[in-house]
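Participant: Here are the chains, one letter per residue:
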Amino acid sequence: MNLETIKSEIEANVPGCRVELVANPSPSAQHSLLLDADHAAAVAIFLRDAPNLRFDFCSNVTGIDWPGKEVSQKVKLRKLVDGVEQEVEETRTTTIPGSLEVVYHLYSVEKKHGPLTLRMRTQDRDTGVHLPSLTPIWRSAELQEREIFDLYGVVFDGHPDLRRLLMWDEFQDYPMRRDYVDPDDYEYEPTAHDDVLQRAQQHLSHTDLPQASEAEGR
Amino acid sequence: MDESLKNELSKQGIFTTSLQELYNWGRTSSLWPLNFGLACCAIEMIATTMARYDLARFGAEVFRPSPRQADLMIVAGTVTKKMAPQVVRLYNQMPEPKYVISMGACAISGGPFKQGYNVLKGIDRYIPVDIYIPGCPPRPEALIDAFMELQKKIDAQQLTGENRPRHLNAAEPSEFVVPRFGEHDLEPTHNQTIWKPPLVQISQAGTDESGNH
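Just so you know, the sequences run in chain order A and B. Going by the numbering used here, the residue at position 188 of the first sequence is 212; the numbering climbs one at a time, nothing skipped. Going by the numbering used here, the residue at position 59 of the second sequence is 62; the numbering climbs one at a time, nothing skipped.
Check each hint, because a few of them may be wrong.
As the list claims (entries may be wrong) - With beta-carbon atoms standing in for the labels, derived distance ranges:
| hint | chain 1 | residue 1 | chain 2 | residue 2 | range |
| --- | --- | --- | --- | --- | --- |
| 1 | A | D62 | B | G138 | 49 to 59 Å |
| 2 | B | H170 | A | D193 | 35 to 45 Å |
| 3 | B | E175 | A | R188 | 34 to 44 Å |
Unchecked claim - A few chain B residues that don't get close to chain A, going by computed Cβ distances all over 10 Å:
| hint | residue |
| --- | --- |
| 4 | I17 |
| 5 | N27 |
| 6 | H193 |
Please keep in mind that the hints were generated in silico from the structure rather than gathered at the bench. Yeah, the Cβ is synthetic: ideal placement off N, Cα and C, and Gly gets one too.
Generate the whole structure from the sequences, applying the supplied hints.
Facilitator: Written as structure tokens, this is what we have:
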């Protein structure tokens, strides 16, 4: 099934929706469709019910965290410096806002085609984290959307039972987000490296252990 | 009682024992484990009790479905932070004397999930553990070995004196604090009376043999 044709079929049948083709440049070439949140439910119903598509099975739902990032660009400008026009390099930083993304993998058991990959993005990572739930359309998404709510903090509007799944209800953080800082319950690591090593050395700095040289004097 | 006199008497058909030996023998030979599994280690624990390995030969005749009737808790599997309060609560509900076998890498330290946000880094943070079995999961032979080690440990216990077991010492606690679900982690993160962060030579971390970075 060609993704371009599916895209044009969606646009022809769901009025007002914006579908964007997200290309995957890797050899797997698993391109996907980025839906706008307002029309996602209508698009999902169309994909499920259209007689030539019949995507009747949602096999997988997952989340992606895109943290906001600063991009700095060097721009060459002509400016007056000490009365003389000169070419000056300036660095301009632009902030790309972060978002949370949800990915759905669809198959058609009836037509034996798939997978079709759908994406949806939230407005930002703080308050605009609402997305429509596709659980009313594919029941198999229920627990996986709960898991995404639990680990990423995406709020699925229209979900029948949106509670935390893996963590306890009192838990406040979203562990799969990039900026999650896990609680510092330090324990000895035999092969510490990177972040773990840094943390081990921090702990060392406020314990009164003998220094390496003393301990090694055999 | 003198060991040689005891031997001599037994040759004459007179059986002598001490109350301590009798008491320890009784406890050693009828350890009843709690029917309680958390992950894949539990499958090995089940296999240990079945006909091929037959843990019943060692006195663990019945796995009890209630903590009130059990005196051995085999923590078999990954203890998630969400499950940890229930494990501690079950331990508190067991009558003394009670023992704990920490089975497998997860129950010892968190195992392969040690760096995870949802896994407790070892059940010995909340309850006292008598025997640790490494392995992922340990084979039934390893569990039987741990069981025999526990029996040796019980056999060697003194009923009186400084080293008497916890249940004979009124000053020692028999219940342990059940952690609460906090906003970021369990509260408290460990029971300070029974677990302290290990004082290993962590300054060696990241250094080579000569101590250089």
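Participant: Please list, smallest to largest, the hint numbers that this structure does not respect.
Facilitator: 6
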